[in-house]
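Residues per chain are reported as follows:
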Amino acid sequence: MPNSFILYLSLVVGILVSSAGAAEELSATALLENLRRTMLERNFKATAHFFRDGTTTRMDYQHGIRAGKRFERMLDLDGHAHEVLRHDNIVTCWLPQTQRLVIDHRPSTQSFLMTVPERLSAIQAYYRFQAQPDPDQANWIIDIIPEDAYRYARKVWLTQDTYLPLKIEVYNEHNRVIERVELDHLQPNPQHMPLQATPAQNAAGARHIHQDPPQPVSQAQFVLTQTLPGYQPILFTRMPLPESGDTVEHLLLSDGFSSLSVYREKHAGIKTGLTHSGSVNAYSKTLPDGSVVTVIGEVPAQAVRQLAEDTQLAAPATP
Amino acid sequence: MSNSIHEQISCLLDDELPPEQATQLLQQLRDDATLRHHYHRQQALRMRLHHEPTPPMSTDFLEQINAQLHPSRPSMQSLKAAGHPVNWSMGLLALAAALLIWLTVNNMPQTTSLAPTTLAHTSSTHAASHARLREYLQAHNSSRYVGRPILLTAHR
Chain A
6 MPNSFILYLS LVVGILVSSA GAAEELSATA LLENLRRTML ERNFKATAHF
56 FRDGTTTRMD YQHGIRAGKR FERMLDLDGH AHEVLRHDNI VTCWLPQTQR
106 LVIDHRPSTQ SFLMTVPERL SAIQAYYRFQ AQPDPDQANW IIDIIPEDAY
156 RYARKVWLTQ DTYLPLKIEV YNEHNRVIER VELDHLQPNP QHMPLQATPA
206 QNAAGARHIH QDPPQPVSQA QFVLTQTLPG YQPILFTRMP LPESGDTVEH
256 LLLSDGFSSL SVYREKHAGI KTGLTHSGSV NAYSKTLPDG SVVTVIGEVP
306 AQAVRQLAED TQLAAPATP
Chain B
3 MSNSIHEQIS CLLDDELPPE QATQLLQQLR DDATLRHHYH RQQALRMRLH
53 HEPTPPMSTD FLEQINAQLH PSRPSMQSLK AAGHPVNWSM GLLALAAALL
103 IWLTVNNMPQ TTSLAPTTLA HTSSTHAASH ARLREYLQAH NSSRYVGRPI
153 LLTAHR
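These protein sequence lines map, in sequence, to chains A and B.
To convert, count from 1 in the first sequence and add 5; that's the working numbering.
To convert, count from 1 in the second sequence and add 2; that's the working numbering.
Check each hint, because a few of them may be wrong.
Said to hold, decoys possible - Pair by pair, the computed Cβ-Cβ distance ranges are:
#, chain 1, residue 1, chain 2, residue 2, range
1, B, Ile7, A, Leu82, 23 to 33 Å
2, B, Thr36, A, Gly73, 49 to 59 Å
3, B, Asp33, A, Gln237, 35 to 45 Å
Claimed, not checked - Short derived list, chain A residues pointing at chain B, Cβ under 10 Å:
#, residue
4, Thr62
5, Asp65
6, Glu174
7, Leu265
Stated by the list, open to error - Quick list of in silico lysine to any residue cross-link-like pairs, SDA-like style, CA-CA up to 25 Å:
#, chain 1, residue 1, chain 2, residue 2
8, A, Lys276, B, Thr127
9, A, Lys74, B, Tyr147
10, A, Lys276, B, Pro151
11, A, Lys271, B, Arg38
12, A, Lys271, B, Ile7
13, A, Lys290, B, Ala35
14, A, Lys271, B, His39
15, A, Lys276, B, Asp34
16, A, Lys271, B, Ala35
17, A, Lys271, B, Ile152
18, A, Lys50, A, Lys276
Note that these hints are calculated values from the structure, not bench results.
Backbone N, C-alpha and C define an ideal beta-carbon position, used for all residues, glycine too.
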């Protein structure tokens, strides 16, 4: 057989294989884009079972869009009546047992179920996407596979026609499920949701998070000598802590799917080193001025440790 | 039992009690059997509400409280679990020795009782550290961590 024929054959086979791979990736990206659009356009409700930190919580979940603003409502069905409401970009938590009302003016997530980044193409250096039909249920399964050790893998099950989320799993670095959200009794929700589910008289005693406007990251009294690949700053602010009255600097970073926070304060009283619970890891270290920096988030231990190690005091401003 | 204590126990179970109050309440639980009984009932009720298996009434509850008040001291149960046989005669001997040392120390001039202070300090440091990490988590992701007890433990 002439060598030129073998060369042509290899070339054709190579093109076919690479085309098939590209088609698969395109399909997964398209499905994720459909999921993101569904979460911006559709009204639906379900019972959501959250498995986190070894315990399962059952919530009545409602999702809706009104006047272009997203609403979400979760109500604890297991006796505590704990209620979480999202109105556009404000999250309100109402805890009837302790009569606590907490209002977050700049929440880190876009949805209680899962955040899907707007520009998937921007994060394809950090994640690989694969789609496959679910053989038993006629649904779609999307694998979101990290390309490094700084983020967790995810798997999403979607309804085949409507692209509604059915199940979301998060896996640790040993490929074990560390979080699961499963939705059943999923159905369209034509009802209008209450704008404010919490008793208005409690608003006066509410605790506010991120109420002050964000500041430029350059205002921080710490610097990141290196940032983790793919993580972008989302928010920097200084906020008072209600129990101590101290002020803490807070920098939120996200890669689109995962997020982590860097905190620095002078009198934190936090034990240094690595701590964890379920999918959450935290790493604290003392800076030369005695302040403590803590990196915390639903990311692998390596990510929080690396970012904390790369956090230093900012050089004092020159007059 | 006052309503205030009821509320404090409720907050302790929700992991929402300030560190100093948590330390005080744990000490009260250690010393008051009625209060301990109430704590167990509340805990069992919550477990049922969450459809979790109800833990049996713990016989080593005092040890658990002591462990929380003084985390570095190994419990008898943990020694057993680690395969260390419990020698009761040695235990009695140690108790007698401790009593002798205590009497000696208390009769010495300029005696300072350090243990309770250290114990309370260690406990409040742990509790303060947990409380602050909890506050950080709530600001990191309010929809997940507000009103939800989460305890971060050291990596082994």
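Results for each hint:
| no. | hint | verdict |
| --- | --- | --- |
| 1 | Ile7/B x Leu82/A: 23 to 33 Å | holds, 29 Å |
| 2 | Thr36/B x Gly73/A: 49 to 59 Å | holds, 57 Å |
| 3 | Asp33/B x Gln237/A: 35 to 45 Å | violated, 53 Å |
| 4 | Thr62 | holds, 8 Å |
| 5 | Asp65 | violated, 15 Å |
| 6 | Glu174 | violated, 16 Å |
| 7 | Leu265 | holds, 8 Å |
| 8 | Lys276/A x Thr127/B | holds, 8 Å |
| 9 | Lys74/A x Tyr147/B | holds, 24 Å |
| 10 | Lys276/A x Pro151/B | holds, 19 Å |
| 11 | Lys271/A x Arg38/B | violated, 38 Å |
| 12 | Lys271/A x Ile7/B | violated, 33 Å |
| 13 | Lys290/A x Ala35/B | violated, 41 Å |
| 14 | Lys271/A x His39/B | violated, 41 Å |
| 15 | Lys276/A x Asp34/B | violated, 31 Å |
| 16 | Lys271/A x Ala35/B | violated, 41 Å |
| 17 | Lys271/A x Ile152/B | holds, 24 Å |
| 18 | Lys50/A x Lys276/A | violated, 42 Å |
In this structure, the hints that do not hold are numbers 3, 5, 6, 11, 12, 13, 14, 15, 16 and 18, in rising order.
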